[in-house]
Structure formats: structure tokens, C-alpha cells
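Chemist: Sequence:
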Amino acid sequence: MIMRKESIKCLNILYQPKVNLKNKKITSLEALSRFKDEKGTLLNTEEVINLAKSVEEKRQLTTSVLNIVIKDLSKMELELDKLILISVNITSIEIECDDFEVWINKIFSNENLKYIPYIEFELSEKNKIENSLNMKRKIKFLKNKGFKVSFDDVGSGFNKVDIIDKYNMDLIKMDKSLIKDIKNNKKLIDMICKTAKEKGFEVVAEGIEDMETYMILKNLNCELGQGFYFHKPNSFQNILKLLA
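Start counting the sequence shown at 1; every next residue gets the next number (UniProt numbering).
Since the hints were derived computationally from the structure, they do not count as laboratory data.
Don't take every hint at face value.
[Stated by the list, open to error] In the DSBU-like style, the derived pairs of lysine-lysine whose C-alpha atoms are separated by at most 30 Å in a straight line are: (1) Lys145 x Lys75; (2) Lys194 x Lys145; (3) Lys197 x Lys176; (4) Lys82 x Lys218; (5) Lys25 x Lys241; (6) Lys145 x Lys114; (7) Lys180 x Lys25; (8) Lys186 x Lys22; (9) Lys71 x Lys241; (10) Lys53 x Lys241; (11) Lys187 x Lys128; (12) Lys183 x Lys166; (13) Lys241 x Lys24; (14) Lys128 x Lys53; (15) Lys232 x Lys22; (16) Lys180 x Lys82; (17) Lys71 x Lys114; (18) Lys82 x Lys53; (19) Lys140 x Lys176.
[What the hints assert, rightly or not] Listed next, with one range per pair, are the computed distances between beta-carbon atoms: (20) Ser64 x Asp98: 16 to 26 Å; (21) Glu56 x Lys145: 14 to 24 Å; (22) Cys10 x Glu198: 25 to 35 Å; (23) Asn20 x Lys186: 30 to 40 Å; (24) Ser235 x Glu47: 17 to 27 Å; (25) Glu198 x Phe141: 24 to 34 Å.
Cβ coordinates follow ideal geometry from the N, Cα and C atoms, glycine included.
Produce the complete structure using the sequences and hints provided.
Modeler: Here is the structure:
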């Protein structure tokens with residue numbers, strides 16, 4: 001199946017909170033794409049991203065997600081009189097495009113400029129970054145604009161732990177495979193948390209599904225967590241109730 005413009009109109013966004021592991025309070029949200037394919041099967045964020053094969057399709061998808069997130073931030077401001085950081089998944093191939101800056105500036109212009117501090121771009125794929133110098137320039141552009149930048153899946157695939165030393169990020173998200181086998185990965189998780197703290201990055205652990213995992217991460221001084229133990233992905237209206 002190919003991701004077409006008419007397909008993207010059927011896109012649904014759910015939000016999953018990230019929490020402070022010390023007090024379990026919500027600190028930010030992640031925008032998760034949900035989409036039904038031609039067979040009626042519900043696809044998750046990773047599957048939706050993989051469905052978009054070309055750079056243009058990926059960009060159409062990301063643009064649609066950003067537009068929805070901006071509208072929801074506007075509603076949040078109106079209903080709650082406050083705003084919270086929302087992370088949006090993006091691929092390295094989109095960031096490395098020559099006209100990336102033009103594309104971002106087009107989306108975030110005029111009345112949308114005020115939402116820049118509440119948007120985090122989360123590099124979400126395990127593919128190798130083709131040009132590290134170009135990526136550094138693009139990350140610098142985003143941070144200079146006022147966006148937050150994070151890396152997902154740290155500790156797996158091409159996002160090895162040494163990625164912490166390569167790029168100037170705000171946050172890293174440990175791969176859920178590390179958390180799933182946390183008893184055998186304590187040393188690695190501890191090292192990631194300590195290294196990130198030295199660099200001034202925050203660390204979030206995803207895939208926390210039980211109290212035992214939560215307590216281990218808390219004792220390892222991991223700052224942030226995400227998973228079904230705290231909150232499942234939910235509709236924006238239900239998220240507003242949580243934040244009220």
C-alpha cells in the first residue's frame with residue numbers, strides 16, 4: 001500500500017504522556033500516528049512511517065501530524081490556559097533534505113511561531129545517518145529556532161550509545177528492547193543515564209509496563225519514563241482531562 005494524500009486525511013493522532021519518574025507527573029506528550037490500511041488494519045506510528053516510502057510521502061505525513069499538533073496546542077491553550085511540550089516523529093531522510101529549513105519555516109510562520117518552544121522533533125528511525133555534518137547543521141538550525149531535538153531508539157541499530165557524543169540534543173530515548181530486558185541491561189542503562197547527564201541531556205525510558213521496571217529505572221536515576229504502567233496512548237480530549 002502506498003501512502004497517498006487522500007490516505008493521510010484519514011490519519012488519527014493519539015498522545016502518550018511522558019512522566020517524571022520521581023513524582024509520576026506528566027512532563028510532555030508524544031504524538032503517535034494511527035492509520036487504517038485498505039484492509040482495515042490499524043497501523044502504529046512505526047508502521048505508518050514505513051508506509052510512506054518516498055521523501056515526499058514522509059514529508060506529507062509529518063506535515064499533517066505537525067498541523068494537527070499545532071491545532072491541538074491551540075485548543076490546549078484555549079481550554080487550559082497552558083501549554084505542554086509535544087514530540088513529533090521525524091526521519092533522518094527528511095531532516096537531511098536540502099530544503100528542510102524552507103519547509104520548517106513555511107509550517108511555522110505567523111501565528112504558529114509561538115508554538116515552536118512546545119515542539120520536539122524526535123528522530124525516530126534506526127537507519128544510518130548519511131551525512132553527520134549535515135545532520136549537525138540541521139539540528140543546530142532547529143535548536144536556534146527554539147525547537148527541542150531528541151533521538152529515539154538509543155542503544156539499538158545505528159543509534160549506538162556513542163551517538164550521545166556526536167550530536168547536540170536535548171533528550172535521548174532509550175530503546176524499548178533495553179527496558180524489556182532491564183535486568184540484563186542495568187549496566188548499559190546506568191551508563192547511558194550517567195553519560196547523558198554529563199552532556200546535559202535528559203533521558204526517557206519507553207516501554208515501562210510494570211512497577212518493578214519503574215523502580216529499577218528510578219533507582220538508576222533515569223529522569224523520565226513512558227509506558228502503559230503510567231498512561232496508554234489516548235485521544236486529545238482525554239489528555240486534556242488528564243492535564244486539567
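Chemist: With reference to the structure, classify each hint as holding or not holding.
Modeler: Against the structure, the hints come out as follows:
Only pairs whose Cα atoms come within 30 Å are accepted, and Lys145 paired with Lys75 is accepted, the gap being roughly 23 Å. Distance restraint check for Lys194 and Lys145: the Cα-Cα separation of roughly 28 Å lies within the 30 Å cut-off, and the hinted pair is therefore satisfied. A C-alpha spacing of about 20 Å is found between Lys197 and Lys176, which places the hinted pair at or below 30 Å, so the restraint holds. Taking the CA atoms of Lys82 and Lys218, the gap is near 28 Å; set against the 30 Å cutoff, the hint holds.
Under the criterion of a C-alpha separation no larger than 30 Å, the hint pairing Lys25 with Lys241 is consistent with the structure, at around 14 Å. For the given pair, Lys145 sits about 11 Å from Lys114 by alpha-carbon distance, which is consistent with the 30 Å threshold. Between Lys180 and Lys25, the direct Cα distance comes to roughly 23 Å. Compliance with the 30 Å bound is thereby established for this hinted pair. With a C-alpha separation of about 18 Å, the suggested pair Lys186 and Lys22 falls inside the 30 Å cut-off, and the hint holds.
This hinted pair checks out: Lys71 and Lys241 have alpha carbons roughly 17 Å apart, not beyond 30 Å. At most 30 Å may separate the alpha-carbon atoms for a hinted pair to count; Lys53 and Lys241 exceed this at roughly 36 Å. Restraint check: the Cα-Cα separation between Lys187 and Lys128 comes to about 25 Å, which is no more than 30 Å; the hinted pair holds. Proximity of Lys183 to Lys166 is assessed by CA-CA distance (about 28 Å); at most 30 Å being required, the pair is judged to hold.
A C-alpha spacing of about 16 Å is found between Lys241 and Lys24, which places the hinted pair at or below 30 Å, so the restraint holds. Straight-line distance between C-alpha atoms of Lys128 and Lys53 comes to about 16 Å, which keeps the hinted pair within the 30 Å bound. Our distance criterion of 30 Å between C-alpha atoms is met by Lys232 and Lys22, whose separation comes to about 19 Å. Under the criterion of a C-alpha separation no larger than 30 Å, the hint pairing Lys180 with Lys82 is inconsistent with the structure, at around 34 Å.
This hinted pair checks out: Lys71 and Lys114 have alpha carbons roughly 12 Å apart, not beyond 30 Å. Proposed proximity of Lys82 and Lys53 is contradicted: the alpha carbons are some 37 Å apart, above 30 Å. Restraint check for Lys140 and Lys176: the C-alpha separation of about 27 Å stays at or below 30 Å, so the hint holds. For the hinted restraint 16 to 26 Å between Ser64 and Asp98, the CB-CB distance of approximately 22 Å keeps it satisfied.
Glu56 and Lys145 have their C-beta atoms about 23 Å apart, which keeps the hinted 14 to 24 Å range intact. At about 44 Å, the CB distance of Cys10 to Glu198 disagrees with the hint of 25 to 35 Å. Between Asn20 and Lys186 the CB atoms are about 21 Å apart, so this pair departs from the stated range of 30 to 40 Å. Hint check: Ser235 to Glu47, Cβ distance near 20 Å, so the stated range 17 to 27 Å holds.
Distance hint check: the CB atoms of Glu198 and Phe141 are about 25 Å apart, consistent with the given range 24 to 34 Å.
Hints 10, 16, 18, 22 and 23 from the earlier list are contradicted by this structure; the remaining hints agree with it.
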